[in-house]
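Protein chains: 2
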Amino acid sequence: MSTYQRIVLASRPAGAVVPDNFRLETVPVPELSEGQVLIQNHFLSLDPYMRGRMSDAKSYAAPQPLNETMIGGTAGVVVASRNPKFAVGDGVAGMGGWAEMMVSDGALLRKVGGSKVPLSAYLGVLGMPGMTAWYGFNQIMKAKAGETIVVSAASGAVGSVVGQLAKLKGCRAVGIAGGKDKCDYVVDELGFDACIDYKAGNLEADLAAATPNGVDAIFENVGGAVFDAALGRTNAFARVALCGMIAGYNGEDVPIKNARMLLTNRVHLEGFIVTEHMELWPQGLSELATLLAGGKLKFRESVAQGLAAAPEAFIGLLAGKNFGKQVVKLIK
Amino acid sequence: MSTYQRIVLASRPAGAVVPDNFRLETVPVPELSEGQVLIQNHFLSLDPYMRGRMSDAKSYAAPQPLNETMIGGTAGVVVASRNPKFAVGDGVAGMGGWAEMMVSDGALLRKVGGSKVPLSAYLGVLGMPGMTAWYGFNQIMKAKAGETIVVSAASGAVGSVVGQLAKLKGCRAVGIAGGKDKCDYVVDELGFDACIDYKAGNLEADLAAATPNGVDAIFENVGGAVFDAALGRTNAFARVALCGMIAGYNGEDVPIKNARMLLTNRVHLEGFIVTEHMELWPQGLSELATLLAGGKLKFRESVAQGLAAAPEAFIGLLAGKNFGKQVVKLIK
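Residue numbers (my numbering), protein chains in the order written: chain A, 1 to 332; chain B, 1 to 332.
No wet-lab data here; the hints were simulated from the structure.
There could be a bad hint or two in this list.
You can't tell identical chains apart in this list, so a pair holds if it fits in one copy or across any two.
[Unchecked claim] 20 Å max Cα-Cα, derived SDA-like pairs, lysine to any residue:
(1) K142 <-> S286
(2) K329 <-> G106
(3) K111 <-> A200
(4) K296 <-> E312
(5) K257 <-> Q283
(6) K298 <-> A87
(7) K329 <-> P13
(8) K180 <-> R266
(9) K169 <-> D105
(10) K332 <-> H42
(11) K257 <-> D228
(12) K111 <-> S286
(13) K257 <-> G232
(14) K296 <-> L24
(15) K257 <-> A57
(16) K144 <-> T3
(17) K167 <-> Q40
(18) K199 <-> D184
(19) K257 <-> G15
(20) K142 <-> R266
(21) K296 <-> A205
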């Protein structure tokens, strides 16, 4: 392999993301310098946060530069090494971007694998999405047994873990997802107590019926009407882990209409970015790995085939078309 | 005195509060039972929270019952006592309601006075408004020297204390108030670094100019456009003490349009009710009294004369017509 493929940001979205915002390129595999490793990426993770990076609006992170490899988490295998800490054949997770190959000095690589867990899991339940769920649930929601929690995008990589952690804690877990198939999965496979199909048109009434004792904690992935419905059900001293507002990624306003509930119910709300809490990752990932090994944590993936399929899969993710963690398989 | 006057809630507001929602009554002074004290209320406190109680919407507190004395904080003097803990002449603060006299078993009375501080101060800077400011500033905003804080309703009973505490801490304190007179007072008398007149029509631009380093903490008394403007200036990890949303007291929606900032800036927001944190009152009131005695805390009052003037003063308070802590003087 003297060349590999990558996808760069060709232009910033004017509203919704379109395929033309991306460009597939073939580039040469660079020579390794001393201390570097060459990794063949087996899987690319697609995540909503990437939409934020595509814009140049003020945000917590610098925007994705134009004409450079799109940012993204990857899991792969070392294929050449001039770094004594990594050997050919090692499984590694890192931020390889939308690309088939990655050169790294090892600083931000995490060795993974060695068990029966597939490499892609390190992009989901044992990676950033899993940690996002773990952090929000344990550090912000702090739900106790018997309390009711609501999580939006419940069938997704993050939401599915939030609900399962809540069930393990003895909470009533209510999901919100789009469509009957996802809701069936959330209840039947993941073990949530209930799941509301927001596309069915009775969001508020359905959520009220599913939360007869109100809502004590919310994990918010979506924003907009879904968040408002959950806020409308809060009990006193409810906690909100504000993780995502996918509903507004295209630049439109996503107002919180039920803002008054924040006051009347003395809500504790925190926005958070899990990569700012790296000190907790070892503990969180260890707990998640134990649960996974014990069969107490289920996950599901949507797998797109080949790097060229990434833009379409990403656009689908933003529209909620994926079902479970969205990854792109980069090898045959 | 065999009778006294009180004001009861005659009807719930349909939108804005109107004078007909109240009714002035003359009632007999009851005989004291063993353990009771009779208090002549010298001052009644008027506060925005009362508007919430007038409605029967779901809230943190039970609604004010119809045809009963309007709830309210009072400061007065014991005029008869069958309780060994209180003597005639004692200054006391309590929840005497919109009434000239009050019978109490002493359980919720706080002895006040004995210094040069006027009785009315125990309804403001040394009472619930002062404690509200103290709690929000110290327990939620946690502003450090050099940080910029924004407080709305800055000339009011709560906001004026928030800003002064911030200045004592070494923060940049920026107020938002309605009208040039109030803003001049906030800067010239209270010592804020700047004050934005939201009625001048350039709220966002003026606030941006006054907060060149962004905003690290917000004390929100108003909600609506004022809150959105402050949120729009937040720095990463900003804290919001959500104390009031006076803008929506008449039942209209007060959406948070800049909700996205809560996420992108990882904002920590807490709604709170100071009466749920009584364990901190002794510490807070003691600190405030020390500051007041040392001339480091200034306050201003709007004094309405006579109980019959209370409804009009209250309606004015909701419209921002008061200037400083609104009280009603109940004695000649």
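Hints versus structure:
1. In the homo-oligomer, the alpha carbons of K142 and S286 lie at most 20 Å apart inside one protomer (19 Å), although the nearest pairing across protomers, at 33 Å, exceeds that limit.
2. Proximity of K329 and G106 under a CA criterion of 20 Å is satisfied in neither setting, with 22 Å inside one chain copy and 73 Å between copies.
3. For the identical chains of this complex, K111 and A200 are neighbours neither inside a copy (43 Å) nor across copies (59 Å), given an alpha-carbon limit of 20 Å.
4. For a Cα distance limit of 20 Å, the shortest separation of K296 from E312 qualifies neither inside one copy, at 32 Å, nor across copies, at 63 Å.
5. For a Cα distance limit of 20 Å, the shortest separation of K257 from Q283 qualifies neither inside one copy, at 37 Å, nor across copies, at 36 Å.
6. For the homomeric pair K298 and A87, neither the shortest alpha-carbon distance inside one copy (31 Å) nor that between copies (69 Å) is at most 20 Å.
7. Taking CA atoms no more than 20 Å apart as the test, K329 paired with P13 passes in neither setting, with 25 Å inside one copy and 62 Å between copies.
8. In this assembly of identical chains, the alpha carbons of K180 and R266 never lie at most 20 Å apart, being 34 Å within a copy and 33 Å across copies at closest.
9. For the identical chains of this complex, K169 and D105 are neighbours neither inside a copy (40 Å) nor across copies (45 Å), given an alpha-carbon limit of 20 Å.
10. Proximity of K332 to H42 under the C-alpha cut-off of 20 Å is restricted to the intra-copy arrangement: shortest distance 9 Å within a copy versus 85 Å between copies.
11. For the identical chains of this complex, K257 and D228 are neighbours both inside a copy (6 Å) and across copies (13 Å), given an alpha-carbon limit of 20 Å.
12. Taking the shortest Cα distances, K111 and S286 sit within 20 Å of each other inside one copy (13 Å), while across copies they are farther apart (56 Å).
13. Within a single copy, K257 and G232 get their C-alpha atoms as close as 9 Å, and across copies as close as 17 Å, so both meet the 20 Å cut-off.
14. For a Cα distance limit of 20 Å, the shortest separation of K296 from L24 qualifies neither inside one copy, at 39 Å, nor across copies, at 65 Å.
15. Only between protomers do K257 and A57 lie at most 20 Å apart by alpha-carbon distance; the minimum there is 16 Å, versus 23 Å within a single protomer.
16. For the homomeric pair K144 and T3, neither the shortest alpha-carbon distance inside one copy (53 Å) nor that between copies (53 Å) is at most 20 Å.
17. Proximity of K167 and Q40 under a CA criterion of 20 Å is satisfied in neither setting, with 37 Å inside one chain copy and 57 Å between copies.
18. Taking the closest pair of Cα atoms, K199 and D184 come within 20 Å of each other only inside a single copy of the chain (14 Å); across copies the shortest separation is 52 Å, beyond that limit.
19. Taking the shortest Cα distances, K257 and G15 sit within 20 Å of each other only across copies (18 Å), while inside one copy they are farther apart (23 Å).
20. With identical chains, the CA atoms of K142 and R266 are at most 20 Å apart both within one copy (15 Å) and between copies (18 Å).
21. Taking the closest pair of Cα atoms, K296 and A205 never come within 20 Å of each other, the shortest separation being 31 Å inside a single copy and 53 Å across copies.
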